[in-house]
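Take the sequences, apply the hints, and build the full model.
Protein chains in written order, with the numbering used here: chain A, 1 to 217; chain B, 1 to 217.
Wrong hints could be hidden among the right ones.
It does not matter which identical chain is used: a pair holds within one copy or between any two.
Subject to a maximum C-alpha distance of 20 Å in a straight line, what follows is the list of computed SDA-like cross-link-like pairs (lysine to any residue) [unchecked claim]:
| no. | residue 1 | residue 2 |
| --- | --- | --- |
| 1 | LYS53 | THR38 |
| 2 | LYS161 | ARG139 |
| 3 | LYS53 | GLU127 |
| 4 | LYS37 | ARG74 |
| 5 | LYS53 | GLY126 |
| 6 | LYS154 | GLY79 |
Because the hints were derived from the structure by calculation, they are not lab data.
Protein chains: 2
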Amino acid sequence: TAFTTIGILLISVPNKDQLSLRITVKVPKTAMNSEEKTLVEIIEDNNQINLAKYINYVSAPQAGAIATFSGTTRDTFEGKTVVELRYEAYVPMAIKNLKSICSAARSSWDLHSIAVAHRLGIVPVGETSVFVAVSATHRADSLDACKFLIDELKASVPIWKKEVYSDGEVWKENPEFLERRLELGKDGGCCRRKIETPAHDKKSCCKPKVKVEEAID
Amino acid sequence: TAFTTIGILLISVPNKDQLSLRITVKVPKTAMNSEEKTLVEIIEDNNQINLAKYINYVSAPQAGAIATFSGTTRDTFEGKTVVELRYEAYVPMAIKNLKSICSAARSSWDLHSIAVAHRLGIVPVGETSVFVAVSATHRADSLDACKFLIDELKASVPIWKKEVYSDGEVWKENPEFLERRLELGKDGGCCRRKIETPAHDKKSCCKPKVKVEEAID
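Structure, rendered in structure tokens:
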């Protein structure tokens, strides 16, 4: 495992038989990143999602792979002309759920950074409503985690969508979201659900390791 | 199937018993796109890959999903510090192979646009050497095709890589590429190989349809 030095503690006993005990605490990079490099954003006020910002966020010299997914407003839905989509969410719950699926992804794949952004309000045709970017040392981890994240987001994060057609509008829930809720029964709201991740993809978990070195100076 | 009108032919017979035969040729959108919206580029002269250009290329009002993969130079390989990577290719063959895997992806998934770019020469740590962007009406098509394209590229496109470490350098072939060549036997070069695509994902193929309408004006 690659280690990163996060601090060196030097203890000196000021007498003739001087002994310094150097304790170096090293934390595996993946364990550090799981704390640090996850960005979840809900974008309001009709601002566009800045793809480059999130791609830059997940980029790193240690990461050899970046997978992204962008969900955009299509011009048609089941033959009807779509003018725009409008998204609404209960933001604190949506952020909590998004963070939860990011943690689930980290527990299943060896990831460097994750960025997830969802736009609320009006999203015109051709513009991005949701963006996921995932970086990892290796290709398969980034691609599989990216797919997992967008699938879980669609199935479990409470964000509602109104399709505005040329001749009317419809509030609609994602069919995957409804399906998941039906599976859970009517009392099993999204937040009680435990996210299940594919066990066969499970990577060994990296616990912080403490390395103790004795040194006589 | 959604059709796009690409032309209307009006034939008028200039006599008293005037008959106009109107022939409307309509081509399914997916069939049109398979001809038009595939971009394959090999970038030389140490220019960076412009991710936004390729994402814009695959964006379209009809596409609700864009999946991308970016392969970047990592700072370490098996514990060694990597300074840079250098890529070389026999360009005409690499382009031919890249186009071939794009066609294979189109025959397996319902895609709108594909862009694949590979950089040659020196690629410093943190910069992108290969980029794939795929758009589709639906999410799963874009994600699965993106994974297929980068996996096939690594396994079958003849692009060679030199890893430059702080203490030396090594020309290396991708292990997946070697594996594929071994499977094929020493005479089965990459260009003789038939790309196999997952049959279970096969979508119905859309042939251009000609619709003939008779109209008496």
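Original post:
Hints broken by the structure, by number, lowest first?
Top reply: 6
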